[in-house]
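Keeping the supplied structure of chain A fixed, place chain B upon it in accordance with the hints.
2 protein chains.
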Amino acid sequence: MKSITINIPDWLSKRCEHKDFKRDEEKMLFAIELARLSIDNGGGPFGAAVFSKDGKLISCGVNLVVKEGLSILHAEVVAITIAQRKLNTYSLSKGGHFELFSSSEPCAMCLGAILWSGIKRVVWAADSIKARSIGFDEGPVFEASWDYLKKKGIEIEGGLLKDEAARVLDYYKRINGVIYNP
Amino acid sequence: MKSITINIPDWLSKRCEHKDFKRDEEKMLFAIELARLSIDNGGGPFGAAVFSKDGKLISCGVNLVVKEGLSILHAEVVAITIAQRKLNTYSLSKGGHFELFSSSEPCAMCLGAILWSGIKRVVWAADSIKARSIGFDEGPVFEASWDYLKKKGIEIEGGLLKDEAARVLDYYKRINGVIYNP
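First to last, the protein sequences are chains A and B. Quick note on our numbering: the first sequence kicks off at 1 and runs consecutively. Quick note on our numbering: the second sequence kicks off at 1001 and runs consecutively.
One chain only, chain A, in its complex shape:
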């Protein structure tokens, strides 16, 4: 195999051509909207986006696991990976202060991916209990896991607009969306 190509859905690239954002709530509503659009486009019910400190949208991610056939492609990993390619660096910390907004609490893998990405602030809406309640496993994430990231200087904030995010997860359950964990 010479290379691995991950296709970014057209609708996602188009939705990512967006004006600047101001308040945290705006950024989170956008991440939650991505989650809903992902469902409507046949994907998993998770959305994430990377912003610069001054609110510029850098990248968007949705869960592409089933669509691309790769288990690493959670929304957070997709958003981080596109941001790193756009900014041409494996560490976003080298280019300034970048923030990740996610519609759901990052799973064990994404928590680690955030640590290595150079992201300086993470905000999520629905907590992992909610994602687990509709059937998604979140893996071994403990309070000490997030504490580890905090000690590395990463700001962590959960629960912003969690009811709006929960409604998207409930919608996914209602339409019998694929719960794809092996």
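None of these hints come from the bench; they were simulated from the model. For clarity, every value in this text was computed on a predicted model and none was experimentally measured. Backbone N, C-alpha and C define an ideal beta-carbon position, used for all residues, glycine too.
A few chain B positions that, by computed beta-carbon distances, are all more than 10 Å from chain A:
no., residue
1, 1011
2, 1018
3, 1021
4, 1029
5, 1040
6, 1055
7, 1097
8, 1158
Below 27 Å or equal to it, Euclidean Cα-Cα: the simulated BS3-like pairs (lysine-lysine) are:
no., chain 1, residue 1, chain 2, residue 2
9, B, 1002, A, 56
10, B, 1162, B, 1130
11, B, 1130, A, 151
12, B, 1094, A, 173
13, B, 1173, A, 152
14, B, 1151, A, 173
15, A, 2, B, 1019
16, A, 162, A, 56
17, B, 1002, A, 94
18, B, 1053, B, 1150
19, B, 1162, B, 1151
20, A, 86, A, 22
21, B, 1130, B, 1150
22, B, 1086, A, 67
23, A, 162, A, 152
24, A, 67, B, 1094
Quick look at chain B alone, frame taken from chain A:
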């Protein structure tokens, strides 16, 4: 952005055209050799490979973080991702029983990636204390993290040929290899 392409080094693809393996020690020596070849080709000091239960080599991975400019590209993630593309599934558990051999204990991100990959058995050589001793952060990995994977039916075994793997990490330190954590 229409797509993300991850280039697989030619030397890695060539080295991955290999006969079948029998004993665990052979598989691990191969993963450790990949780590050393990675250093000699300008990459990070980590190697991993996926095998079928009967010892067929499915895929190879090395750390491509600096080379490809993407922080997710740890050796384990590269090996798992190539295996999923080769077998055309986001869960290796659907295609049978697959095993991951890694020259070092998987970090927090890779531990989560293993859980979602459908890998049924993980074996590593050097433990995370060794990787940390030469300057690599491994993230929040606790005994409870591995216990979580065990409860999901994944076999876990650490320390196989750890001295051989430690020599490769010491070599990387001696030549002042890049410690790239942000």
